[in-house]
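Colleague: Sequences listed follow chains A and B, in order.
With our numbering applied, the first sequence corresponds to residues 1 to 550, in that order.
With our numbering applied, the second sequence corresponds to residues 1 to 550, in that order.
Since the hints were derived computationally from the structure, they do not count as laboratory data.
From a predicted model like this one, the values you see are computed outputs, not experimental measurements.
A couple of the hints might just be wrong.
One copy or two, either will do: identical chains are not told apart, so a pair holds if it fits within one copy or between any two.
Stated by the list, open to error - Below, a list of computed lysine to any residue pairs in the SDA-like style, where the Cα atoms sit at most 20 Å apart:
| # | residue 1 | residue 2 |
| --- | --- | --- |
| 1 | Lys-406 | Trp-54 |
| 2 | Lys-138 | Ser-238 |
| 3 | Lys-406 | Glu-474 |
| 4 | Lys-513 | Ala-550 |
| 5 | Lys-513 | Gly-536 |
| 6 | Lys-198 | Arg-178 |
| 7 | Lys-198 | Pro-175 |
| 8 | Lys-198 | Leu-177 |
2 protein chains.
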Amino acid sequence: MSMAGLVSSASASAPRCDHTQAWAALHGHHQAHGRSLDLREAFARDPQRFARFWLQAPELHADLSKNHWDVATQRFLLDLARECQLEARRDALLAGAPVNHTEGRAVLHTALRAPRGLGPFSAEVHAVLDEMLAFAEKVRAQAGQPYTDIVNIGIGGSDLGPAMAVTALEPFAHPGLRSHFVSNVDGHDLTATLRHLKPSSTLFIIASKTFTTQETMANAMAARAWFDAGMPAGADRSRHFVGVTTNLKAAADFGILTTFGFWDWVGGRYSLWSAIGLPIAVAIGAEGFRALLAGAHAMDQHFAQTPLEANLPVQLGLLDVWYRNFHGYSSRSVAPYHQGLKRLPAYLQQLEMESNGKSVDLQGEALPFGTSPVVWGEPGTNGQHAYFQMLHQGTDVVPVEFIAVKRPLHGLADQHQKLLANCLAQSQALMLGKTAEQAAGEHAPTASPQIDRAQLARHRSFPGNRPSTTLVMEALTPRSLGALIALYEHRVFVSGALWGINSYDQWGVELGKALCAELLPRFAMAAQQSPGALEGLDTSTAGLLQHLSA
Amino acid sequence: MSMAGLVSSASASAPRCDHTQAWAALHGHHQAHGRSLDLREAFARDPQRFARFWLQAPELHADLSKNHWDVATQRFLLDLARECQLEARRDALLAGAPVNHTEGRAVLHTALRAPRGLGPFSAEVHAVLDEMLAFAEKVRAQAGQPYTDIVNIGIGGSDLGPAMAVTALEPFAHPGLRSHFVSNVDGHDLTATLRHLKPSSTLFIIASKTFTTQETMANAMAARAWFDAGMPAGADRSRHFVGVTTNLKAAADFGILTTFGFWDWVGGRYSLWSAIGLPIAVAIGAEGFRALLAGAHAMDQHFAQTPLEANLPVQLGLLDVWYRNFHGYSSRSVAPYHQGLKRLPAYLQQLEMESNGKSVDLQGEALPFGTSPVVWGEPGTNGQHAYFQMLHQGTDVVPVEFIAVKRPLHGLADQHQKLLANCLAQSQALMLGKTAEQAAGEHAPTASPQIDRAQLARHRSFPGNRPSTTLVMEALTPRSLGALIALYEHRVFVSGALWGINSYDQWGVELGKALCAELLPRFAMAAQQSPGALEGLDTSTAGLLQHLSA
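For reference, chain A alone in the conformation it holds in the complex:
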């Protein structure tokens, strides 16, 4: 059977989650047990609970035991996965079937990290990879002379992945090269970045598949003007601008001679493994970049080969469906206890919410259940001093995902122990809570002496029984970061597949683009008080436009 046949057969015959027997069984289970599960009792009842829900995957362990589920829930969820033919659909994805069916495209970010000779498109992938890494090494060899600063200009997938990874891997970065990321069309972004740079020592990477992305091209042109203005006439611009694009002609017209390409089976939010990863490669070098790919590939193999019950991305994806569609939790908070992962939540927002923020199934039928939750968070311990109040004592339950890293890459061992103790204490506190009776027995130094003690105790009590997952990494390295990101990618596939949606298109970004193109000329018209400037607009958009262009 052809690839196209494979996927149509897999998706046509696979039932949507809500049309399965397991879905009905899960509803009954939730009514009878799931809703009222008390984590404290569950741990007291089952001494094996931690061991049962402690999973191992490449570079990672996961503690899933502090979640609102039990062995029966897990069994029903596995039934759901099987009824939805998750394994066949996973295999179709990995084999290069056109699972992005609205655009007729395969989805093969996994091919970007397969070892040489393995999997689809290996020759093309490794040719570009070799070339891109050789270039990265060449730039690194010129650190200080002429290059001191690398500025990546890209947006969305051409920004969030590379920026997140470079931030995370800062201890592995070349000490003589500073990395910068400019994405926003807001001129403040580029202006603030260039203020401290010199054209003669700056290398710009212009990352845009089509070389027409509005924000990126505006910034690229402004960067070129800045370069031209700051350099002597006749300076070699091509040494300071390179492109990651498939539009060689547009890049050449811009003045770019060095370009690295990729393919239509690489989605923007899955592209950091391709030439879009050039800023990562420049920062951490060819060897580091290959380790990042290897970590991701190891997770790909785990995903492809591990039985569903021990398959970490599958288990996380099932839990996501359980929480979203049965418990009704509408958001998930990510709390990386590592400052280097501070941009991970923003990266995951794109990965998950752009992939699964859909409301029709593969056939375009409206879905009667919720899909992508809101994903949000800040690094721990910072969040503890901010929004964790709401996680502990607010009215809504928000599952929290803690990420702990065992070994630091700095010498402040004492601080690292405090960091880990905080991480564990938070998941413990969310689960254990504190009754008003317990609170009443404690001294609260800042309490008002005038407040009634019983009332104060109620203010100081915590409901507890709030769920969390803890992911544990040995150290934050290129390899483990690769595995972590691939884990999230596959998890998003799993929930998307069960929901029966296309996780790989993004039609929802089109309307705003079209309306922007329509509004843009109106600003100049409104400034000149041209009569047609506001024609046909709703009064709100018209009023704002008039106010902003006056």
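Since the structure of chain A is provided, determine the placement of chain B on it from the hints.
Modeller: Chain B only, in chain A's frame:
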């Protein structure tokens, strides 16, 4: 009547929102009209809709017309505010009544920005302010010699406010001084910051009210060790470390001679106006800091004096209650179309979720309705290329708050017009949506030629009718930023007051701290395989601890 009498009478006699007639009326109104309101029809029906919902406040305009409400909703919400005695409670807050009743404290961040001679504690406030600003100017006069880098060490309110404001006001900052913020106990935070600095040219600001905050003290001690190791013996440490604290003794023991204090009526998340704002003052100077205060004070006056129907923080707070408790929206996305405001969402997470993430009322009774939503977001246009897909086509409705700034402080006028056009296009797209019929008539360049056209059109359709608010500022300046922050502060008071909660305590952070202190010594014990290390712990916490300390 005394202050204490004032507040007890205001809060004792004021009914909680759900015990009012207006609450019942709002329920009926929501069932009958509010739930089914279609924004497109509402604009078509009422040519005055924009003008009706366009509010002016100091330094800001707000377009509230693209929200799921109408004049009747607004009237019922005003009834609710009056039944809950919002005005009396606001007056009690501003007069210094101990509205933080569990800690017996007044809440007087407004006093920090009142002009000299006006309002409570004016003499103390202005004495510290004058001293702090004189010091900031002294540091600025030493830019380059010896100071090049300012490192603020603080967490929560001692970090988020100053970091957000310094980022936002970067165009106003002293060009010879770089600002850094270290908050996380994770040693990566401090290590990555210090890597490029020299002790001889660095000034550390240690910000901790009690001078005992775990994270801050750990970082301060590591910074001191780094300083001592990098400087000749006998170097004057006191020229490189200053404190913002009320614990003079602990600061002196640490080796700090210069300290600036504040008061127990300044909550951490409301403290950037106090000496906690020192890094802001060093960056933008005394005049800039006074402008920030003046902008906030102007908003305070608006809040204190404007009738409720034209009072912007009141209207926003009422809308928050309407969305949370009647429409059931569980999160709100903040989209500042200004790169300088990139840390505003994180700042607002603390402000709103720590203030109103509570589930008991003033008397400690459990609340039967939802309080603080999740507040989250990234700057536009970046978000458009990430999670906006979910806002447009996801299954949940998330109200979006756009912030547009009319005049840029850079010369890239063309980019600014694109930025504003994008901002308006997004709120327009959220509202207008696109039917499958409309989509069917359009060409979609990337669509698969094999997909059924009618099915494709359903993938490319948007429900529309999604609500948003647009705040408009003339320019992002110290003065307008002050007004913007004060607007959010008062808005949080309004929803908190209606919900009948204490927005000014944060008991929910205590349990994690206590459990952390209990877990910390266990790490060393577990490393030595001491038998008591895991005693009494749930198996999950025990298992994680064992794994992480092995």
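Colleague: Run every hint past the structure and note whether it holds.
Modeller: Hint-by-hint comparison with the structure:
1. For the homomeric pair Lys-406 and Trp-54, the shortest alpha-carbon distance inside one copy (16 Å) is at most 20 Å, but the shortest distance between copies (53 Å) is not.
2. Taking CA atoms no more than 20 Å apart as the test, Lys-138 paired with Ser-238 passes inside one copy only; the shortest distance there is 15 Å, against 46 Å between copies.
3. Taking the closest pair of Cα atoms, Lys-406 and Glu-474 come within 20 Å of each other only inside a single copy of the chain (5 Å); across copies the shortest separation is 48 Å, beyond that limit.
4. Taking CA atoms no more than 20 Å apart as the test, Lys-513 paired with Ala-550 passes in neither setting, with 24 Å inside one copy and 52 Å between copies.
5. Taking identical chains as interchangeable, the C-alpha atoms of Lys-513 and Gly-536 lie at most 20 Å apart only when both belong to the same chain, with a minimum of 18 Å there against 57 Å between chains.
6. In this homomeric assembly, Lys-198 and Arg-178 come within 20 Å of each other (Cα to Cα) both inside a single copy, at 12 Å, and across copies, at 17 Å.
7. With identical chains, the CA atoms of Lys-198 and Pro-175 are at most 20 Å apart both within one copy (18 Å) and between copies (16 Å).
8. Taking the shortest alpha-carbon separations for Lys-198 and Leu-177, both the intra-copy value of 13 Å and the inter-copy value of 18 Å come in at or below 20 Å.
Of the numbered hints listed earlier, the single one contradicted by the structure is hint 4.
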